[in-house]
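Trainee: Residue numbers (the working numbering), protein chains in the order written: chain G, 3 to 415; chain A, 17 to 307.
Mixed in with the good hints, there may be bad ones.
In silico DSSO-like pairs for lysine-lysine, Cα to Cα no more than 30 angstroms straight-line [to be verified]:
#: 1; chain 1: A; residue 1: Lys-111; chain 2: A; residue 2: Lys-262
#: 2; chain 1: A; residue 1: Lys-262; chain 2: A; residue 2: Lys-294
#: 3; chain 1: A; residue 1: Lys-294; chain 2: G; residue 2: Lys-293
#: 4; chain 1: G; residue 1: Lys-297; chain 2: A; residue 2: Lys-115
#: 5; chain 1: A; residue 1: Lys-262; chain 2: A; residue 2: Lys-88
#: 6; chain 1: A; residue 1: Lys-294; chain 2: A; residue 2: Lys-88
#: 7; chain 1: A; residue 1: Lys-115; chain 2: A; residue 2: Lys-104
#: 8; chain 1: A; residue 1: Lys-98; chain 2: A; residue 2: Lys-137
#: 9; chain 1: A; residue 1: Lys-262; chain 2: G; residue 2: Lys-120
#: 10; chain 1: G; residue 1: Lys-120; chain 2: A; residue 2: Lys-104
#: 11; chain 1: A; residue 1: Lys-98; chain 2: A; residue 2: Lys-111
#: 12; chain 1: A; residue 1: Lys-104; chain 2: A; residue 2: Lys-294
Here are the in silico distance ranges between beta carbons for each label pair [stated by the list, open to error]:
#: 13; chain 1: A; residue 1: Ala-112; chain 2: G; residue 2: Leu-268; range: 41 to 49 angstroms
#: 14; chain 1: A; residue 1: Val-108; chain 2: G; residue 2: Val-138; range: 49 to 57 angstroms
#: 15; chain 1: A; residue 1: Gln-220; chain 2: G; residue 2: Ala-155; range: 54 to 62 angstroms
#: 16; chain 1: A; residue 1: Asn-135; chain 2: G; residue 2: Val-25; range: 50 to 58 angstroms
#: 17; chain 1: G; residue 1: Val-25; chain 2: A; residue 2: Gln-220; range: 30 to 38 angstroms
#: 18; chain 1: G; residue 1: Ala-17; chain 2: A; residue 2: Glu-296; range: 20 to 28 angstroms
#: 19; chain 1: G; residue 1: Leu-31; chain 2: A; residue 2: Glu-296; range: 38 to 46 angstroms
#: 20; chain 1: A; residue 1: His-242; chain 2: G; residue 2: Leu-398; range: 50 to 58 angstroms
#: 21; chain 1: A; residue 1: Asn-135; chain 2: G; residue 2: Met-114; range: 54 to 62 angstroms
#: 22; chain 1: G; residue 1: Lys-293; chain 2: A; residue 2: Arg-99; range: 32 to 40 angstroms
#: 23; chain 1: G; residue 1: His-33; chain 2: A; residue 2: Tyr-221; range: 21 to 29 angstroms
#: 24; chain 1: G; residue 1: Thr-170; chain 2: A; residue 2: Ala-205; range: 42 to 50 angstroms
#: 25; chain 1: A; residue 1: Ala-246; chain 2: G; residue 2: Leu-31; range: 54 to 62 angstroms
#: 26; chain 1: G; residue 1: His-33; chain 2: A; residue 2: Asp-136; range: 50 to 58 angstroms
Rough simulated footprint, nothing fancy, chain G against chain A, three-plus residues with beta-carbon under 8 angstroms [to be verified]:
#: 27; segment: 115 to 124
#: 28; segment: 173 to 180
#: 29; segment: 191 to 201
#: 30; segment: 236 to 247
Bear in mind the hints are in silico, worked out from the structure with no lab data behind them.
For each residue, glycine too, the CB sits at the ideal point set by N, CA and C.
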Amino acid sequence: MDQRTLKRLFWISGAVLFAAGFVGWYDRLTHGHLNANYGSVVTWGLWVAAYIYFIGLSAGSFLISSLVYVFNVKRFEQIGRLAVFTAVVTLLLALFSIWADLGHMFRAWHVMVYPNFKSPMAWMIWLYSAYFLLLVVELWFLLRRDLVAGADAPGIKGIVYRLLSLGTRDISEATVARDRRVVRVLATIGVPVAIMFHGGVGALFGVVAARPLWHSGMYPILFLLSALVSGGALLTVIAAIFQDGWHENRDTVLALGRMVLGLLLLDVLFQVSEMLVGFYGEIPAHIESLKLVIKGPFWWVFWGWQVVIGTLIPVLLLALPTRRDPRWVTLAGFLIAAGFLGVRLNIVIPGLAAEEIPGFSEAFASARMTTNYFPSLTEWLLTFGVVGLGLLLFGLGELLLPREQEEDGHVRV
Amino acid sequence: MAAMNELAQVVKTPPKEPSAMTRRELIGRLTKLGASALATAIGGGAVMEALSPAPAVAAPRTGTAEPATTRKFYYGMVIDTKRCVGCKACVVACKAENKTPPGVAYTVVLDGALGNNPNDKPLFMTKPCFHCENPPCVDVCPVGATFKRSQDGIVVVDYDRCIGCRYCITGCPYGARSFDFGENYPAVADHTPYAAVPSPEYGQYQVRREDASPIGNVRKCTFCIHLQDADGRYDRQAGRWPACAKTCTGHAIHFGDFADVNSEVSRLLRERQAIRLKEELGTNPNVYYLL
């Protein structure tokens, strides 16, 4: 498959998914939660899983970009701006997913006005709001010089650049150096913020003593590690598709592959530890959740999606000689990034689907009070729409945003 | 009948007689003397209490000292599983009282709590909200929409504040909360006259409307607080009593004020062996079960 076919495939799938999303959003906005399949027992479903998935991708991409802007790792310099852009886009997708999940979407601002700081959720929302601002400002300073330089270009591109440059015209050495300093400061502040907010997402689950599957000090750490793995894997794919793709970014893609392999193995170690301790601990509700993961009605999400597609195959691809071919490494990245949605589903749903009190799910005859859950069509379509939006935003970003000009005049994204 | 009269006496008795000093009051006095304040600060999660918007209050039956409080009542239930026949009249009474929609139940009756093998005597368990002294659902709410009332410890939801994130549902270890998806029973969905009957919940007397709270909110048992008088008291004789307890055919659900040593619930706790669910979580429920 050559680069053009891949690009075309990318645009088509983005447009189709985005269009499908309209059906989901229409249903969500007109019928509220009526056509969603979660209930009062399994009360969080696909949308929450999608949320922690996307927000993990965002935190992971940002932390990898900080290798460039805080720790001066030259190897990843080419994808620094792309990583920050990825962090912005995936954060947006996360926010759309969780917004749809709220019972009262238009009360989201309550968290700003009436925060309860005993709640990890309030902390998380405040921190990701700060993180979002920081990301946007950092990205602007990263792009400013090129935006100003491109403001005189003819057509739409020039108009977009003029708007985005916010009226600044000065691209002297001094201001460009200032931009670099600002980026460095913001990226440095961003590292603890990203760790806190994504660790906070893990803590949001970890503090819930009512759900033994979640209630572990490992959760915030596991979330951070999963963020780095899935974010790194996604960046591998993006580096291979965008900015002239794997021909230009060969070394970066291979280096990302090596890093992702190491992080993935560490993540597997943590997850195995978490499961083994749970199984040997033999606390009934904890065991019940773990059993749902490995041999419940959705056992294939764990064994097929998470273990085989998301872990075994990519580990082999990244460890065997295929690790020297950027196309195989890209495939491995794609499989890992896709596999992590399975990881997220297996955190949210089995944690809730274990009965809190034996017999509870049969006590009241209602589909909303059972432990069964499979996402409804509306839930799927809306999630597809969010994914499609992400693909389109990436496409637009690649079309419109400035490509990095190297000193030899060589063009890079 | 004699029992009923005795009960009426009990209910009419003012909760605080000079002679009756509860352990809670004793500890309260000790605290004023400063004897246990330091111990509490060291051992009792002083940091979290300091962060908490409302003063945390100790349960009457635990040894934790408490800060100054406006708490007047410690409402709770003692549910006698030996008297429960599993008729679910409490579930129906609650639905009739609070007009809850399908999928929302403030109390349910479980029959599988102990496994119920064919040779067992069946055990039924009616399960309202336990109105915990240390409610985990309140701590996790990002907007403080659900809280424990300072005057009587009843855990409520502010429908206008709640954003519907359902974190409290995950945080409750007892499955006491349900999300209102906007579903309706046929009588309401078909706009029969029944659809115009307001729910007395929280004394708000709201008629159910599409796209309006409590649809999209998390809902839960309120111990029927709309039946309290201005002083926050219930009156069993007048029928102002939680609907489930009022209806219970086997007299299994006993409701009352634990702060009143003469109340039926206090007496039952003294005389019988009671258990609470999941003590290990430290939630300190205000609903006890007699086995």
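Trainee: Decide, hint by hint, whether the structure agrees.
Mentor: Right, here's what the structure says about each hint:
no.: 1; hint: Lys-111/A x Lys-262/A; verdict: holds, 13 angstroms
no.: 2; hint: Lys-262/A x Lys-294/A; verdict: holds, 27 angstroms
no.: 3; hint: Lys-294/A x Lys-293/G; verdict: holds, 22 angstroms
no.: 4; hint: Lys-297/G x Lys-115/A; verdict: violated, 40 angstroms
no.: 5; hint: Lys-262/A x Lys-88/A; verdict: holds, 23 angstroms
no.: 6; hint: Lys-294/A x Lys-88/A; verdict: holds, 26 angstroms
no.: 7; hint: Lys-115/A x Lys-104/A; verdict: holds, 16 angstroms
no.: 8; hint: Lys-98/A x Lys-137/A; verdict: holds, 10 angstroms
no.: 9; hint: Lys-262/A x Lys-120/G; verdict: violated, 37 angstroms
no.: 10; hint: Lys-120/G x Lys-104/A; verdict: violated, 37 angstroms
no.: 11; hint: Lys-98/A x Lys-111/A; verdict: holds, 24 angstroms
no.: 12; hint: Lys-104/A x Lys-294/A; verdict: holds, 23 angstroms
no.: 13; hint: Ala-112/A x Leu-268/G: 41 to 49 angstroms; verdict: violated, 57 angstroms
no.: 14; hint: Val-108/A x Val-138/G: 49 to 57 angstroms; verdict: holds, 54 angstroms
no.: 15; hint: Gln-220/A x Ala-155/G: 54 to 62 angstroms; verdict: holds, 60 angstroms
no.: 16; hint: Asn-135/A x Val-25/G: 50 to 58 angstroms; verdict: holds, 54 angstroms
no.: 17; hint: Val-25/G x Gln-220/A: 30 to 38 angstroms; verdict: holds, 36 angstroms
no.: 18; hint: Ala-17/G x Glu-296/A: 20 to 28 angstroms; verdict: violated, 53 angstroms
no.: 19; hint: Leu-31/G x Glu-296/A: 38 to 46 angstroms; verdict: holds, 43 angstroms
no.: 20; hint: His-242/A x Leu-398/G: 50 to 58 angstroms; verdict: holds, 54 angstroms
no.: 21; hint: Asn-135/A x Met-114/G: 54 to 62 angstroms; verdict: holds, 58 angstroms
no.: 22; hint: Lys-293/G x Arg-99/A: 32 to 40 angstroms; verdict: holds, 36 angstroms
no.: 23; hint: His-33/G x Tyr-221/A: 21 to 29 angstroms; verdict: holds, 27 angstroms
no.: 24; hint: Thr-170/G x Ala-205/A: 42 to 50 angstroms; verdict: violated, 58 angstroms
no.: 25; hint: Ala-246/A x Leu-31/G: 54 to 62 angstroms; verdict: violated, 42 angstroms
no.: 26; hint: His-33/G x Asp-136/A: 50 to 58 angstroms; verdict: violated, 44 angstroms
no.: 27; hint: 115 to 124; verdict: holds (count 5)
no.: 28; hint: 173 to 180; verdict: holds (count 4)
no.: 29; hint: 191 to 201; verdict: holds (count 8)
no.: 30; hint: 236 to 247; verdict: violated (count 0)
In this structure, the earlier hints numbered 4, 9, 10, 13, 18, 24, 25, 26 and 30 are contradicted, and the remaining ones agree with it.
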